[in-house]
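A.B. asks: Same order as they appear, the protein sequences are chains A and B.
Residue numbering for the first sequence is 1 to 316, as defined by full-length UniProt numbering.
Residue numbering for the second sequence is 1 to 688, as defined by full-length UniProt numbering.
These aren't lab readings, by the way, just hints derived from the structure by calculation.
All residues carry an ideal CB built from backbone N, CA and C; glycine is no exception.
There's no promise every hint is true.
[Claimed, not checked] Covered stretches of chain B, going by a simulated chain A footprint (3 or more residues, C-beta under 8 angstroms):
| hint | region |
| --- | --- |
| 1 | 473 to 485 |
| 2 | 596 to 603 |
[What the hints assert, rightly or not] 30 angstroms max Cα-Cα, derived DSS-like pairs, lysine-lysine:
| hint | chain 1 | residue 1 | chain 2 | residue 2 |
| --- | --- | --- | --- | --- |
| 3 | B | 131 | A | 140 |
| 4 | B | 40 | B | 131 |
| 5 | A | 163 | A | 37 |
| 6 | A | 236 | B | 131 |
| 7 | B | 131 | A | 191 |
[As the list claims (entries may be wrong)] Chain B side only, calculated, beta carbon under 10 angstroms to chain A, not exhaustive:
| hint | residue |
| --- | --- |
| 8 | 40 |
| 9 | 46 |
| 10 | 130 |
| 11 | 280 |
| 12 | 590 |
| 13 | 641 |
The primary structure of each chain is shown beneath.
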Amino acid sequence: MTKSIILSTGNIVSGGPSIFRKAGASRSNRELINSLKSNFEAAKEEYATLPVDGANGHTNGNGPAPNHAPLSVWTEQQDDVLYVPRINWDFAGLQEEPSQYDVTVKLFFLTSGSVSPPSAREQHARQALALVLKELRIPKVDLLVVSFPGMSFDGDCEWEADKQNAQQGEDEEEAASWPALERLQKEGLVKNLGIAEFGSEKLARLLKRVEVKPTVDQINIKNCCNVPPPLVKLAKEQGIDLLVHNDSTDVLPKGTLRELLGPEPRGAGVLADGGVCSGLKGDLTPQWVIKYTAVVRDRGVIENKGYFAGAELEEA
Amino acid sequence: MGLLALGTALAWPDAKKQADLVREWGIMQLLAIWNKAKHKERDALLWGDEVEYLVVVWTQDNKRVLLSLRQADILKALANDKELTSGGGGVPDLQATTGASHESPLPVFHPEFGRFMLEATPGQPWGIEFKELLAVEPDMKLRRAIAKDHMLATEYPITLTTFPRLGCPGVFSDPYYPVSGPRLRSQFVPDEIANPHIRFPTLAANIRSRRGRKVQVNVPVFRDENTPWPWKDPTVDYDLHNWPEDDDVRNGAAPDNFIHMDAMAFGMGSCCLQITFQAKNITEGRQMYDQLSPLGPILLALTAATPIYKGFLADTDVRWNQISKAVDDRTPEELGEKPLEHDRWRIPKSRYASNSTYISTDHRLRPEYLDPNLVIDDDIKAKLVDGGMDERLATHFAHLFIRDPIVIFAEDLTELDLNKTDHFENIQSTNWQHMRFKPPPADNSIGWRVEFRPMEIQITDFENAAFAVFIVLITRAILSFDLNFYIPIAKVDENMEEAHARDAVLQGKFHFRKNLFPARAPRSAGPSGANTPTPSRPATPTGPVEDEYRLMAISEIINGTEYARTFSSSPAPADSDDDDDFPGLIPIVEAYLDSMNIDVATRCELATYLDLIRRRASGELWTAARWIRHFVATHPQYGKDSAVSEEVAHDLVGAVISVGEREQKGCGFKGLGVTGLEKLLGEFRGGC
Numbered sequence: 001m002t003k004s005i006i007l008s009t010g011n012i013v014s015g016g017p018s019i020f021r022k023a024g025a026s027r028s029n030r031e032l033i034n035s036l037k038s039n040f041e042a043a044k045e046e047y048a049t050l051p052v053d054g055a056n057g058h059t060n061g062n063g064p065a066p067n068h069a070p071l072s073v074w075t076e077q078q079d080d081v082l083y084v085p086r087i088n089w090d091f092a093g094l095q096e097e098p099s100q101y102d103v104t105v106k107l108f109f110l111t112s113g114s115v116s117p118p119s120a121r122e123q124h125a126r127q128a129l130a131l132v133l134k135e136l137r138i139p140k141v142d143l144l145v146v147s148f149p150g151m152s153f154d155g156d157c158e159w160e161a162d163k164q165n166a167q168q169g170e171d172e173e174e175a176a177s178w179p180a181l182e183r184l185q186k187e188g189l190v191k192n193l194g195i196a197e198f199g200s201e202k203l204a205r206l207l208k209r210v211e212v213k214p215t216v217d218q219i220n221i222k223n224c225c226n227v228p229p230p231l232v233k234l235a236k237e238q239g240i241d242l243l244v245h246n247d248s249t250d251v252l253p254k255g256t257l258r259e260l261l262g263p264e265p266r267g268a269g270v271l272a273d274g275g276v277c278s279g280l281k282g283d284l285t286p287q288w289v290i291k292y293t294a295v296v297r298d299r300g301v302i303e304n305k306g307y308f309a310g311a312e313l314e315e316a
Numbered sequence: 001m002g003l004l005a006l007g008t009a010l011a012w013p014d015a016k017k018q019a020d021l022v023r024e025w026g027i028m029q030l031l032a033i034w035n036k037a038k039h040k041e042r043d044a045l046l047w048g049d050e051v052e053y054l055v056v057v058w059t060q061d062n063k064r065v066l067l068s069l070r071q072a073d074i075l076k077a078l079a080n081d082k083e084l085t086s087g088g089g090g091v092p093d094l095q096a097t098t099g100a101s102h103e104s105p106l107p108v109f110h111p112e113f114g115r116f117m118l119e120a121t122p123g124q125p126w127g128i129e130f131k132e133l134l135a136v137e138p139d140m141k142l143r144r145a146i147a148k149d150h151m152l153a154t155e156y157p158i159t160l161t162t163f164p165r166l167g168c169p170g171v172f173s174d175p176y177y178p179v180s181g182p183r184l185r186s187q188f189v190p191d192e193i194a195n196p197h198i199r200f201p202t203l204a205a206n207i208r209s210r211r212g213r214k215v216q217v218n219v220p221v222f223r224d225e226n227t228p229w230p231w232k233d234p235t236v237d238y239d240l241h242n243w244p245e246d247d248d249v250r251n252g253a254a255p256d257n258f259i260h261m262d263a264m265a266f267g268m269g270s271c272c273l274q275i276t277f278q279a280k281n282i283t284e285g286r287q288m289y290d291q292l293s294p295l296g297p298i299l300l301a302l303t304a305a306t307p308i309y310k311g312f313l314a315d316t317d318v319r320w321n322q323i324s325k326a327v328d329d330r331t332p333e334e335l336g337e338k339p340l341e342h343d344r345w346r347i348p349k350s351r352y353a354s355n356s357t358y359i360s361t362d363h364r365l366r367p368e369y370l371d372p373n374l375v376i377d378d379d380i381k382a383k384l385v386d387g388g389m390d391e392r393l394a395t396h397f398a399h400l401f402i403r404d405p406i407v408i409f410a411e412d413l414t415e416l417d418l419n420k421t422d423h424f425e426n427i428q429s430t431n432w433q434h435m436r437f438k439p440p441p442a443d444n445s446i447g448w449r450v451e452f453r454p455m456e457i458q459i460t461d462f463e464n465a466a467f468a469v470f471i472v473l474i475t476r477a478i479l480s481f482d483l484n485f486y487i488p489i490a491k492v493d494e495n496m497e498e499a500h501a502r503d504a505v506l507q508g509k510f511h512f513r514k515n516l517f518p519a520r521a522p523r524s525a526g527p528s529g530a531n532t533p534t535p536s537r538p539a540t541p542t543g544p545v546e547d548e549y550r551l552m553a554i555s556e557i558i559n560g561t562e563y564a565r566t567f568s569s570s571p572a573p574a575d576s577d578d579d580d581d582f583p584g585l586i587p588i589v590e591a592y593l594d595s596m597n598i599d600v601a602t603r604c605e606l607a608t609y610l611d612l613i614r615r616r617a618s619g620e621l622w623t624a625a626r627w628i629r630h631f632v633a634t635h636p637q638y639g640k641d642s643a644v645s646e647e648v649a650h651d652l653v654g655a656v657i658s659v660g661e662r663e664q665k666g667c668g669f670k671g672l673g674v675t676g677l678e679k680l681l682g683e684f685r686g687g688c
């Protein structure tokens with residue numbers, strides 16, 4: 001049987017060190033991993049002293065650490081979905097009217113091939129976006145940037161990077177996924193669409209096949225002063241903004257997720273080890289990650305930033 | 001502020017009699033604005049920079065560089081420039097541009113204290129759009145070009161903080177005026193050195209009168225190989241008998257080993273780079289005031305550009321304390337030199353000094369951070385509290401209002417106008433602390449503002465833009481990440497002193513907060529205030545305040561412990577463990593930028609600015625102060641005796657002019673033949 005797991009970081013904007021990259025270690029995914037870790041830790045501690053509905057007040061005892069809440073308390077099962085940690089939606093929302101914000105989300109599709117047909121991607125996109133809208137209590141986001149798996153801007157020279165990029169990803173899958181995103185826009189959930197890591201050739205090919213053009217192409221190159229000239233030219237012609245990002249191209253690898261949720265003390269204790277009886281068992285596959293950022297318009301202040309991640313557990 | 005509104009400026013004995021009235025009316029005006037504006041909300045981020053210039057007369061052939069005293073004529077030429085004024089720029093004090101609004105306003109020029117100075121601001125404030133941040137540097141270059149256009153061919157606007165030979169014996173200004181005038185009574189500079197508008201000479205004269213003697217600006221001299229020691233300032237005239245104040249030097253005003261100066265112009269004639277921000281509301285303004293305050297000394301040391309005074313190399317690198325002394329109006333009683341008889345308080349600091357208050361409502365502001373020696377006027381505080389102001393802000397203004405108003409116009413005393421802020425501003429704007437908290441104007445048309453004042457002006461507009469943009473980005477990071485820079489005010493004061501030392505940017509150690517980040521907000525810290533039972537917020541930490549900060553070098557503060565360890569010339573102590581690693585202001589700004597949507601070209605330009613600051617902090621590049629010292633030291637005419645001769649000053653200013661001309665042309669600095677320039681500007685903007 002398949003079970004969904006939704007991981008969340010909460011608002012990480014004042015989360016301190018976890019959001020800073022180490023010198024030289026750009027493209028690291030430590031922001032997501034560290035903030036998930038620290039959110040799990042915080043949830044275990046905070047729910048330890050707190051009776052939660054349905055938890056029968058079991059605050060101490062089963063947990064491996066005396067001041068930690070047991071799994072059933074700091075996570076929450078709703079139908080087939082396990083929330084890690086439990087989310088208290090009462091505290092969702094932004095401080096001011098939604099119109100005061102620019103909200104950008106970036107959706108990372110993590111799987112490819114037969115396990116990831118367009119229909120699955122549409123479902124993932126809707127699920128991810130719905131979580132963000134609920135978390136921020138907003139009706140729509142201003143920009144949805146989509147990151148497809150297997151793409152990057154690598155190479156020492158900008159021309160080289162652009163050329164390599166042309167061979168990456170899966171054109172067919174990407175084009176097939178796009179109508180789902182266009183539908184989100186038509187439904188008014190998303191104002192503009194964007195893509196990430198599309199070099200000039202891939203971008204040109206995508207543009208031929210889409211109805212709604214992306215307004216943004218997010219790229220991550222070693223030295224942001226060296227953008228491949230063909231990409232600059234194409235983006236300019238098509239009115240596409242080339243934006244910088246610093247996200248990892250492999251934002252949530254399977255092994256990392258396994259370790260993150262694995263047995264304590266290294267992991268969060270959500271997944272069982274061979275010998276331990278508590279915890280879930282089975283094959284865990286990360287499906288998607290969505291990063292959201294709410295910036296106060298006219299003031300350049302980031303009020304809320306965080307991640308949700310979706311994974312599927314094929315129970316053994 | 002109606003600078004040119006002429007009136008009858010009261011001489012000090014008369015002004016002193018009116019001081020209480022001005023204070024009383026000033027407080028009433030403050031309460032009126034406060035009541036109007038305390039609930040003002042949602043103002044956008046707007047910000048502005050101010051660049052100040054010296055105007056010099058320079059030719060290649062004449063080996064003497066002079067200060068031009070034609071400020072009034074230059075401003076007149078700017079005000080009469082139709083194209084400029086129709087574009088919204090010009091000199092509003094002269095031309096009264098009534099309600100003109102334009103799409104891309106041209107820069108605006110203002111008079112300054114020194115008659116050899118000019119100030120220029122953008123035609124309208126900047127916003128936070130990242131592309132707007134990139135408009136700053138071109139705008140600064142445009143300002144310089146426009147200023148130059150309205151000068152004689154031999155005149156140049158330059159951005160050195162001080163004129164190297166201000167106050168030297170002989171001729172240093174054009175036209176020449178004799179020294180020892182009735183207003184300044186200086187033996188080094190003429191009265192005509194100050195802007196002739198009555199406000200400025202009155203300011204200087206009344207400060208001197210109130211103080212009971214001339215101001216005393218003594219800077220330690222830099223001791224070089226051939227500097228006689230003990231060093232006696234050879235320019236001091238002990239035989240002058242024109243004014244009672246001429247006794248000052250005979251009474252020990254000019255100690256050994258110090259360059260001695262005696263007039264306001266030596267301080268207020270310095271150029272700086274000031275940045276003003278509009279906050280979204282009063283709470284955010286108070287937060288920004290507090291959080292930027294500990295950064296003041298750091299940015300002062302990092303922008304160091306003032307190694308020469310009155311023709312001698314000083315042993316300090318920055319201007320701050322000299323300005324402080326140049327406007328120090330404290331009486332001997334207030335200074336603690338005599339028992340208190342006529343005056344109300346001993347006052348520990350000059351009117352121009354580092355901040356003395358924190359004003360935020362932030363729960364992280366611990367009482368231990370406040371200045372235990374703060375002097376306030378209890379009656380004024382009581383009035384403000386009675387008027388509805390909270391204790392903490394009332395304390396701030398009750399502190400500023402311990403000062404006397406210096407310049408009072410008789411005409412302003414006939415009637416109190418609560419729709420004006422002139423009396424409040426009279427006190428407020430002559431409190432020159434390193435931050436200024438500015439209420440909205442009387443018409444409440446703009447928001448609460450905070451001014452960041454410690455930075456020294458840089459030689460090129462590229463550098464000035466870099467520091468301006470850096471501070472803007474820091475404020476955004478402070479507000480986004482809810483950063484906490486609090487350390488005790490006494491430690492900020494110590495840092496301010498530390499920033500003065502020669503090469504403090506590399507050698508200095510500054511008290512700085514170790515952990516800037518807020519305690520993790522619990523799940524319950526949502527804005528909706530739902531009534532679900534939730535764990536209580538973690539208690540505000542109450543460990544010893546001394547454990548919250550430690551000594552750091554500038555590079556560690558700016559670049560982070562890790563980078564500083566790798567690149568600094570003075571590595572971090574080996575025993576420092578990773579837990580004590582400081583992230584660094586630039587990595588914090590980068591984390592902010594990483595979270596924003598920024599186009600590639602813009603991010604590249606912003607990265608260039610951050611790179612300049614990173615390299616200045618690490619010592620890979622030099623401060624202007626270090627470059628100027630290098631220039632003097634390697635000049636063939638320099639006798640290693642601390643003296644900066646006319647010829648050396650001429651060539652230094654000539655180098656600065658040539659750098660400025662290259663910057664205007666945008667063709668890099670290669671082939672200029674200016675010694676050490678590559679250590680100042682590196683490969684930036686075309687390289688050296």
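A.B. asks: Now, for every hint given, state plainly whether the structure supports it.
C.D. replies: Cross-check of the supplied hints:
no.	hint	verdict
1	473 to 485	holds (count 5)
2	596 to 603	holds (count 7)
3	B:131 to A:140	26 angstroms, holds
4	B:40 to B:131	28 angstroms, holds
5	A:163 to A:37	37 angstroms, violated
6	A:236 to B:131	16 angstroms, holds
7	B:131 to A:191	22 angstroms, holds
8	40	14 angstroms, violated
9	46	9 angstroms, holds
10	130	8 angstroms, holds
11	280	6 angstroms, holds
12	590	7 angstroms, holds
13	641	44 angstroms, violated
Checked against the numbered hints above, the structure breaks hints 5, 8, 13 and satisfies the rest.
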